[in-house]
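Based on the sequences and whatever the hints tell you, model everything.
Heads up: the protein sequence lines correspond to chains A and B, in order. Be aware that the first sequence starts at 429, since it is given in the working numbering, and climbs by one per residue. Be aware that the second sequence starts at 7, since it is given in the working numbering, and climbs by one per residue.
Everything labelled a hint here was simulated from the structure, so no lab data went into it. Note that the coordinates shown come from a computational prediction; the quantities given were computed from them, not determined experimentally. Glycine included, every Cβ here is placed at the ideal spot set by N, Cα and C. It cannot be assumed that every hint is accurate.
If you anchor each label on the Cβ, the simulated ranges turn out as follows [said to hold, decoys possible]:
(1) Val644/A with Lys233/B: 36 to 42 Å
(2) Pro172/B with Glu692/A: 49 to 55 Å
(3) Thr912/A with Gly53/B: 47 to 53 Å
(4) Gly522/A with Pro172/B: 30 to 36 Å
(5) Glu637/A with Pro172/B: 40 to 46 Å
(6) Gly856/A with Trp252/B: 23 to 29 Å
(7) Ala162/B with Thr537/A: 31 to 37 Å
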Amino acid sequence: MQRFAALLDDLTYHDQRNGKLRLIADYLRTTPDPDRGWALAALTDGLDMPHAQPALIRSLAAERLDPVLFALSYDYVGDLAETVALLWPVAGPGHPPPLGELIATLGRTGKAAMPGVVAGLLDQLDTTGRWALLKLLTGTLRVGVSGRLARLAVAQFGAVDPAAIEDLWPSATAPFTALLAWVEGRGPRPANPGGSAFRPVMLAHALDEATRATLVPGDFCAEWKWDGIRVQAAVSGPARRLYSRNGEDLSAAFPDLVGALDFEGVVDGELLVLAGPAVAPFADLQKRLNRKTPGAKLMRERPARLRAYDLLFDGPEDLRPLPFSHRRQRLEAMIGSGRPGLDLSPLIAFADWDDLARRRADTTGTAIEGVMLKRRDSPYLAGRPRGLWWKWKRDPHLVDAVLMYAQRGHGKRSSDYADFTFGVWADGDRLVPVGKACLGFTDAALEHLDRWVRGHLVKRYGPVAEVSAGLVLEIAFEGLQHSTRHRSGIALRFPRIHRIRWDKPAAEADRLDALLALLG
Amino acid sequence: MSATTLLRPTPSGLYCAAGDFHVDPTRAVARAVITHGHGDHARAGHGAVLTTRETAAIMRSRYGDGCAGRIDETPYGQVVDLGGLRLRLVPAGHVLGSAQLVVEQGGARVVVSGDYKRRPDPTCLPFEPVSCDLFITEATFALPVFRHPPAADEIARLLASVRRFPERCHLVGAYALGKAQRVIALLRQAGWSRPIYLHGALLALCALYEQLGVALGPLLPVPEGLKNALAGEIVLCPPGALNDRWSRGLADPVTAAASGWMRVRARARQRGVELPLIISDHADWDELTGTIAELAPGAVWVTHGRDDALVHWCGTRGQPAQALALAGDDDDHD
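Written out as structure tokens, the structure reads:
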């Protein structure tokens, strides 16, 4: 545990990406199994830990610490976990358990016994160890490491192809012993995931005008960008799965769709729900996503559908290295004139960019939010490779931002969080605020959001609550201007919360560069 | 005369009427006792100064030979008799030449701690506890969150980072008087024998330390006009110069800072520090409270920093204590 704590400690201070990669690789080199695997799970958000509420930590502090000294210290330090870590009375040289053992202990501890177990661990750990434990428990590591960065560190540690790690990761489970053995050249390459396993998805960059001007229309296929959620359907014999873009298994929420799938392979597409023959508004899809198991009536009135746009595997055959145009032919051949639950997202024929821009503008009021441009020769690569796929959203501009602060509203909303500050990622892994919005919610959505804020509160500044970086808000705005008031250097004009992206990981929210590019 | 009337706070600093002198006055006065050479304690322009030989040398080096009308150097422990009022300076362990001031009259004894620490420091004499009726203590790090780890462990972390990033230069921000020389001496103790490179602002005081008998090993000024230089080396500079233009010629420096404030993450992050080294020349919480418990004086006055927490702690122990608001306090360095 102390080693892991030292790693987290170093990571909080090192801003450079290469420095972080080196720190993680060094840790992997010097730490035995299974601890290093558990550390990777913690860094990649793959740890299923019972999260302790800050209240538990406060009550432990109240038991052990002088309240006046605690208050003065908390006031100075400003972070609950750090304050308690620094103040905790030293019980003498401890024998802290290794990380794996510590995680196992916490995993089998019930709620009633938790305070005693946590206090016992705090007694064993040094300052950095206590800080790391409390951060683990509150689920807010915030050391500026995305899952992707951690996986890249694994690849660099063993000098293997990062794409291979991305490919094997979803089917590997903590503490990743077999995977790490292969990475170190001590063991066989873990078997490729079976036919119904999740494959890491390929993502697109937002297209700005300057870049668009450099693209040659003939190099690209265009498709509609649907206002649903990105999913992957993987079918192998009786095993059928529907995954979200980050590998979460959605099968149980969409038995109507999953039950209908009758192909063999892996299809990439958009999950939509229908109202009659038309695509229903996103809010209806949201309703279905919120139900772990939908009722028959909901499924009848709002059936789910997969609008397919790529074929990753045809049966057992891996098509990902092939050009997009080839995969597209195979997809069309596989779907033919239609398959249950599945239809084909059509290609848009266009003469030039102006022509495509006109077609894009004509889609107002539909379930289309823009167009996707995919290079005809692009292989299917995990992550967000540059220059291959572009999303060209329809006006207004949309940006996926991360909720940073919430403030209580006024009048009727004075007891709820109703005013939200959001930011985008800048240099490395830091959020910079770009705007604030309070409009555009139904009371039900507000209540949901309010609950989320309370559950992810990091710190309070009077009426303002700072939350952990975990919720993506899709912000619509009319334009962008330079600003000296905001740390980001830009201000959004008329920002409003277009929708809440409960499905999107915060790490995949937009970057400041993407907004700056809009300024031209 | 009782201990608590021997000295009193004034806008110019602690004043002793019986001896007609100020302790570490904040403005020019006729007669001053100076506990150590840091700028918020030792100022130029006093009529007469009483201090240690080393602090006198430091003051002359920083402010010039004419920095005071007269400087009386007194060895540690030697009693200066001012007509029944007896003064002596004893080691405070803060920096080279640092002293506590002991004032005695008619059986009452006051100790002014000045800035002090209890940890071993290869560059100065250790703190010497003197029992007293009134202990006037500093409180720079008087919050229980401040518990300095062993300095040798912090130096080991610095050297580990040098090994981990051999293609980068390590730039350590350290206060020019005391901290810089202590970090150098600790590096030597840890076996770092390569030349250590210095920002220009550190050269004079390091040379003075060597003259005063503190060996620091090979030191070199950072050459000017470099590009991508000093990879794998350790460079020291004043904290204020960490993010300055001058460091741009260095090879992708890892910025480190040696300071007690580095204990708190937010403070380190605010300064853009990648490698915080918790090395302080001030007493931490345990040293402050431990010293008060050890001396068990009749009264404690708390100055310089976080008086609220330390006065509260004294209260929980039945130790009489009060905050002493002094004008011109400055907690900016350590």
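Original post:
For this structure, which hints from the list above don't hold up?
Top reply: none
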